[in-house]
Amino acid sequence: MKKIVVIPVAVVAVSLSAFSGFWFFKTSQFKKQINEFVSKDSEHLSVGEIAISGFPLSQKIVVRDLKFTAPENGGVIIFKSIAAQNSLFSSTYSISLPEAINLASSKENIDIKLELDPDTKIEIDIQGNQEISKINYSSSGYKITDNVTKKTILSAKEKESKTEIYFDGETIGYKHQDSGSQLFDEKNNLVFSSASSFADVSYLVDKDKKTTVKIDANVKEFEYFNLDYLYKKISADENISDANIAAATLPSDAKPEGKLSKSSLALKMVLELVENGDKMIDTLPAEQMATIPPESKSMYQRKAAPYSVALDLNNLEFASDTYKISLNGKLNTYPEDVIPFPSGVLNLKIEHFDDLVQLIVSELNRFSSGNPKLAKDQADDQAKISKVVAIIKELAAQNSQTIDSTLAFEIKHDKNDGFDTLINNVSAMEVGAKFMEAFTPAPANAPLQEPVVQNPKPVEKATPEKKTKKQ
0 MKKIVVIPVA VVAVSLSAFS GFWFFKTSQF KKQINEFVSK DSEHLSVGEI AISGFPLSQK
60 IVVRDLKFTA PENGGVIIFK SIAAQNSLFS STYSISLPEA INLASSKENI DIKLELDPDT
120 KIEIDIQGNQ EISKINYSSS GYKITDNVTK KTILSAKEKE SKTEIYFDGE TIGYKHQDSG
180 SQLFDEKNNL VFSSASSFAD VSYLVDKDKK TTVKIDANVK EFEYFNLDYL YKKISADENI
240 SDANIAAATL PSDAKPEGKL SKSSLALKMV LELVENGDKM IDTLPAEQMA TIPPESKSMY
300 QRKAAPYSVA LDLNNLEFAS DTYKISLNGK LNTYPEDVIP FPSGVLNLKI EHFDDLVQLI
360 VSELNRFSSG NPKLAKDQAD DQAKISKVVA IIKELAAQNS QTIDSTLAFE IKHDKNDGFD
420 TLINNVSAME VGAKFMEAFT PAPANAPLQE PVVQNPKPVE KATPEKKTKK Q
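All residue numbers for the sequence shown refer to numbering that gives the first Met the number 0, where the first residue is 0 and numbers rise by one.
Treat the hints as calculated values from the structure; they're not laboratory data.
Any given hint might turn out to be false.
[Unchecked claim] DEER-style ranges, computed between Cβ atoms:
no.	residue 1	residue 2	range
1	PHE434	SER95	21 to 31 Å
2	PHE88	VAL212	16 to 26 Å
3	VAL204	ASP380	47 to 57 Å
4	LEU153	GLY431	49 to 59 Å
5	ASP207	THR321	20 to 30 Å
6	VAL212	GLY431	48 to 58 Å
7	PRO117	TYR165	23 to 33 Å
8	PRO97	TYR173	39 to 49 Å
9	ALA389	PRO117	55 to 65 Å
From the three backbone atoms N, C-alpha and C, an ideal C-beta is built for every residue, glycine too.
Take these sequences, add in the hints, and give me the full structure.
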């Protein structure tokens with residue numbers, strides 16, 4: 000009977016002992032890896048205390064005073080405390096930063112701290128080879144404070160923000176999505192906001208030394224504010240408190256001059272870089288190279304360009320409630336290029352071009368107001384703008400896609416044409432000469448051109464029939 004009781008107790012004791020050994024082995028291995036990571040780059044890394052707890056069902060590793068140093072600019076990043084916790088058999092660690100991250104640089108005269116919002120969540124996946132495979136990050140915002148003045152320099156708020164960084168074999172990826180963000184300055188001015196943003200970026204280096212970068216990103220309905228305008232308004236009004244300029248000068252039911260229009264930005268592209276290595280390029284046609292003895296061929300060869308580049312720009316678009324600019328096309332460089340000047344075709348379209356011109360003119364007028372020297376040159380500047388606008392419209396008229404105030408341009412370069420590029424089948428050198436002429440100061444006795452008129456109307460030309468009737 001005693002033997003029957005003793006055997007189960009012995010089994011339990013051995014199991015507990017084995018489990019305890021496994022727990023301490025796993026945690027000690029983790030601690031060892033941190034120390035090895037630091038010792039491999041001890042010139043730039045140092046660590047204080049590493050504490051492990053959580054026995055028996057979890058692991059909690061607390062690393063204190065982890066310091067990254069950049070000797071070239073005297074920069075230092077200090078994590079006062081990093082806590083990582085997971086269940087014993089899980090590969091996912093939950094990371095918390097209970098204290099602010101300090102960033103300093105003696106050469107740049109920087110001494111600030113970064114504080115993440117309390118709801119910040121960071122998760123790290125570590126695979127069996129003890130390498131990080133994924134980092135998930137979500138937070139509602141952060142705050143940057145000057146350690147000397149104790150004042151907030153910058154703060155941000157984000158809604159439903161999620162970020163993922165992943166490592167999949169040879170690929171490094173980044174994904175981000177949020178439902179809106181806001182950025183505030185040291186006086187609590189709202190300086191930037193967006194309705195949403197999205198980014199999906201991947202970076203792949205394959206066995207053939209080809210690097211592929213894919214980007215699909217957009218920021219919707221973002222707006223920013225002209226702080227120069229805001230602060231001028233504040234200095235002119237003693238009744239407005241510095242505590243909250245945004246509340247005092249940016250009423251929600253109005254669109255003040257300092258608030259710029261809502262805009263959206265989208266980018267979708269694939270970029271490939273191929274390393275050419277020691278590849279040699281023949282400098283003579285193939286039929287001539289075939290007649291040259293093998294031992295002499297090197298005399299008629301040169302080393303290829305270091306990289307060949309292929310860009311597939313599916314879409315680059317900037318849109319506001321005033322105008323829209325879009326660009327797409329494909330560009331390539333080749334190993335045989337002496338100078339890797341891109342070849343290919345880009346298509347540029349500017350919608351509501353006249354409105355864009357008026358926006359530029361109004362900004363120049365606002366910038367020059369109150370400055371006698373700039374105001375004096377204003378008429379001359381508008382004359383130059385009139386010339387430039389005329390050149391651009393004349394060039395755009397060569398493209399069948401140009402309609403009314405929507406201007407279209409085809410920018411084309413062939414690798415056999417040297418540096419010459421065609422814009423709507425017109426040499427870029429010719430276009431550049433016209434722009435140079437437009438910016439050349441006119442003689443003192445020459446009359447100034449009329450300034451740009453808002454929403455100019457085309458002059459109706461009389462038809463031959465109308466002339467006959469008038470006669």
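Outcome of range test on Cβ distance (PRO117, TYR165; 23 to 33 Å): holds, 26 Å
Could you tell me whether the CB distance from VAL212 to GLY431 stays inside 48 to 58 Å? violated, 31 Å
Taking 20 to 30 Å as the stated bounds, is the beta-carbon spacing between ASP207 and THR321 within them? violated, 46 Å
Is the gap between the beta carbons of VAL204 and ASP380 within 47 to 57 Å? The hint (47 to 57 Å, Cβ to Cβ) holds, given that VAL204 and ASP380 are roughly 49 Å apart.
Could you see if the CB distance from PHE88 to VAL212 stays within 16 to 26 Å? violated, 37 Å
Is the hinted range of 21 to 31 Å satisfied by the C-beta distance from PHE434 to SER95? Given range 21 to 31 Å: violated, Cβ gap about 57 Å.
State, for the Cβ atoms of ALA389 and PRO117, whether the hinted interval 55 to 65 Å holds or is violated. holds, 59 Å
So the hint says 39 to 49 Å: do the beta-carbon atoms of PRO97 and TYR173 match that? At roughly 26 Å between Cβ atoms, TYR173 and PRO97 fall outside 39 to 49 Å, so the hint is violated.
Whether the CB-CB distance between LEU153 and GLY431 falls inside 49 to 59 Å: Since LEU153 and GLY431 have Cβ atoms about 41 Å apart, the given range 49 to 59 Å is violated.
Of the hints listed earlier, those the structure fails to meet are numbers 1, 2, 4, 5, 6, 8, in rising order.
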